[in-house]
Amino acid sequence: MAKEIVIVGAGFAGVAAARKLGKKYKKDKTVNITLIDRHSYLTYMTELHEIAGGRLEPDAIKYDLRRIFHRLNNVKLVTDNVSEIDHDNNVVIGEQSNYKFDYLVLAVGAEPNDFGIDGVKENGFTLWSMEDAERVREHIIDMVYKAAREHDPVKRRALLSFLVCGGGFTGVEMIGELVEWLPILAEEHKLNPDEISFHLVEAAPKILNTVTEKEQERAMKYMRKKGIDITLGDGIAKIAEDHIELASGKKIDTYTSIWTAGIKANTDASEWGVEQARAGRLVADQYMQAKGYDNVFVAGDLVYYEDPTNNNMPTPQIVQAAELTGDVAATSIISEISGTEKEEFEGKYDGNMVSIGSTYGVAYLYDKYSVQGFIAMFIKHAANVIYFLSIGSFYYAWLYVRHEFFTIKHKRNIFRGHLSAHGNILWSVPLRLFYGAMWLVEGLKKTFGMFGGQSWFEDEVVFPFPWLQEEVTSAASATETGEVVEVAEQIFSLNYVYGEEPMLVFDEMPGWFASIMEFMMPNQDVALFMQKMMSLVELGIGLALIAGLFTFLVSGLTVVLVAMFCLSGMFVWVNMWFIPAAIALMMGAGRAFGLDYYVMPWLGKLFDGWIWGKPKHIYTDNIG
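Just so we're aligned, residue 1 is where the sequence shown starts under UniProt numbering, counting upward by one.
It should be emphasised that the hints constitute simulated quantities derived from the structure, not laboratory data. Just so you know, not all the hints are guaranteed correct.
Stated by the list, open to error - So the derived label-pair ranges between C-beta atoms look like this: (1) Gly347 with Asp294: 20 to 28 Å; (2) Gly249 with Thr212: 27 to 35 Å; (3) Leu595 with Gly373: 17 to 25 Å; (4) Ser270 with Thr79: 20 to 28 Å; (5) Phe394 with Arg224: 37 to 45 Å; (6) Thr79 with Lys100: 13 to 21 Å; (7) Phe394 with Gly249: 53 to 61 Å; (8) Trp427 with Pro153: 44 to 52 Å; (9) Asp294 with Gly249: 49 to 57 Å; (10) Ser338 with Glu84: 29 to 37 Å; (11) Asn89 with Arg224: 55 to 63 Å; (12) Thr212 with Ser338: 39 to 47 Å; (13) Thr309 with Glu275: 18 to 26 Å.
Unchecked claim - DSSO-like mimics (lysine-lysine), calculated; alpha carbons at most 30 Å apart, straight line: (14) Lys146 with Lys190; (15) Lys24 with Lys100; (16) Lys605 with Lys190; (17) Lys238 with Lys225; (18) Lys214 with Lys380; (19) Lys380 with Lys206.
Where a beta carbon is used, it is the ideal one built from N, C-alpha and C, also for glycine.
Build the full structure now, drawing on both the sequences and the hints.
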């Protein structure tokens with residue numbers, strides 16, 4: 001008879017256990033594996049703050065279990081809610097069906113712990129599920145919406161006061177997202193961002209207790225720089241609808257209190273007959289075997305095991321520990337089935353990383369390396385990508401990269417929007433650099449005579465204007481060579497192509513254009529001045545395009561110049577790509593890895609200030 005393995009909970013621990021068992025028994029028809037969860041997807045819990053803080057859409061961190069297990073057909077996926085476990089008959093009882101088991105893994109995770117504090121359940125917002133994150137997100141949008149229509153300045157400030165209780169990883173990451181997102185919402189709703197306030201409250205004397213003091217200080221410094229009011233050593237005594245009260249008696253007016261002060265084991269597990277320890281966690285041994293049961297194992301945030309390799313501290317409720325405990329639970333079941341020796345749990349953690357918004361983070365790695373800023377954030381993203389690769393999902397690894405780097409809005413990632421795929425600006429950068437280099441080379445040729453070119457700063461006219469041709473010929477006859485300048489071979493390096501002379505766009509200057517040019521440059525002195533200035537203009541165009549400065553205007557100028565060169569009889573068809581390339585670059589190419597990224601927003605604000613004055617709060621009661 002086939003062995004039945006049932007895993008309850010498809011979080012990091014449950015997925016790790018199911019994948020290990022699925023790989024081991026992929027071709028073994030005597031072992032059946034069932035993974036049960038109330039959702040059909042894995043919620044990437046470490047990124048919930050990005051959903052709550054408006055950085056990502058909810059679907060960005062929902063990963064379909066069918067895709068994760070698409071190569072492990074022996075893992076049966078079931079969407080159900082487990083209500084009871086019958087240990088006497090080895091049956092998992094769900095709302096939809098019952099599931100017989102020979103071996104059982106409990107990995108249903110944790111939930112917020114309110115510690116019985118008055119008002120948390122009624123007025124606080126937790127952040128431990130997708131539903132929580134979406135509720136926080138909607139509430140924040142609603143508060144800004146109401147504030148935009150509120151006439152009373154005191155109430156408006158309370159509506160725009162956002163408080164996070166808990167200085168652990170979740171709390172710090174959540175307040176970091178709010179600091180970035182709220183000014184964006186304020187602008188959308190015509191609110192003064194100076195009225196927004198941010199508060200972080202921690203009952204302990206320090207934040208982020210799983211990293212060193214160095215990371216703690218860096219995080220504190222950064223948050224205070226961002227205007228976050230931090231309260232330490234003073235816990236929350238009560239949460240009301242419109243304010244919170246601290247143990248010290250201090251009161252903070254706010255309609256938004258996000259509770260991240262602690263977690264406890266999933267309360268459903270308290271009815272499953274396994275001995276409980278602190279915060280309701282289920283007691284297990286070094287093999288993740290539930291105390292009192294030979295065929296029941298515990299993994300993830302649910303397990304309570306005092307690890308001797310880590311000063312007898314309980315296994316931490318972090319992703320790495322969840323995966324390790326899930327792996328050990330699966331290994332123990334394999335050992336039970338095969339009759340081999342079990343492997344003991346050993347807590348080895350690579351480090352802890354926390355983001356404070358989208359561009360800054362701190363990390364403590366391998367018990368010795370402290371990093372911050374871009375490097376810390378890059379490592380955090382890399383760790384997430386590696387996770388998806390470790391579960392064999394290249395699809396979700398790419399999806400993560402796309403969500404975090406390429407489809408992000410409001411410049412909220414470590415590259416500050418430079419990689420944004422909106423408008424495909426990034427992909428125009430190589431064209432901008434190449435196009436700029438072409439103009440730079442031509443400018444250097446004409447200005448300094450470099451790259452085999454003829455300097456336009458000599459005292460001879462190289463423009464082939466008919467009314468100046470006699471003067472040009474006369475000037476050339478006085479030179480040592482006595483040769484007339486062959487302009488068509490000097491402009492844009494017009495050389496023979498494949499042994500043939502390149503075809504000019506116009507063999508000669510149209511009469512109407514000649515009349516305009518004769519009016520603008522009636523004599524040789526003016527022509528000499530114009531050609532020297534043209535040399536400098538081309539040089540400037542090249543430098544501006546390479547630097548990504550005023551790209552729209554400069555690209556438009558190149559279209560005008562190329563048109564002039566064509567009409568002057570100095571441009572060939574083979575180089576007509578200059579015009580479509582310039583038009584393509586006019587779509588904001590300088591905003592990706594260019595100076596326009598900084599200069600254009602600054603100029604926009606400057607001109608906006610000149611035209612409209614300083615933004616003020618606008619009441620919008622009559623706006624539907």
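Checked hints:
1. Gly347 with Asp294: 20 to 28 Å: Hint holds: Cβ distance 24 Å, inside 20 to 28 Å.
2. Gly249 with Thr212: 27 to 35 Å: For Gly249 and Thr212 the Cβ distance comes to about 33 Å; the hint holds.
3. Leu595 with Gly373: 17 to 25 Å: Holds, since Leu595 and Gly373 (Cβ atoms, about 22 Å apart) stay within the stated range.
4. Ser270 with Thr79: 20 to 28 Å: Holds: the Cβ-Cβ distance is about 23 Å, inside 20 to 28 Å.
5. Phe394 with Arg224: 37 to 45 Å: 41 Å, holds
6. Thr79 with Lys100: 13 to 21 Å: Cβ of Thr79 to Cβ of Lys100: about 18 Å, so the range 13 to 21 Å holds.
7. Phe394 with Gly249: 53 to 61 Å: With Cβ atoms ~55 Å apart, the hint holds.
8. Trp427 with Pro153: 44 to 52 Å: 47 Å, holds
9. Asp294 with Gly249: 49 to 57 Å: 54 Å, holds
10. Ser338 with Glu84: 29 to 37 Å: 30 Å Cβ-Cβ, so the 29 to 37 Å window holds.
11. Asn89 with Arg224: 55 to 63 Å: 58 Å Cβ-Cβ, so the 55 to 63 Å window holds.
12. Thr212 with Ser338: 39 to 47 Å: Since Thr212 and Ser338 have Cβ atoms about 42 Å apart, the given range 39 to 47 Å holds.
13. Thr309 with Glu275: 18 to 26 Å: Since the Cβ atoms of Thr309 and Glu275 sit about 23 Å apart, the hinted range of 18 to 26 Å holds.
14. Lys146 with Lys190: Within the cut-off at roughly 12 Å; holds.
15. Lys24 with Lys100: Cα-Cα ~21 Å, so holds.
16. Lys605 with Lys190: 15 Å, holds
17. Lys238 with Lys225: 28 Å, holds
18. Lys214 with Lys380: 18 Å, holds
19. Lys380 with Lys206: 23 Å, holds
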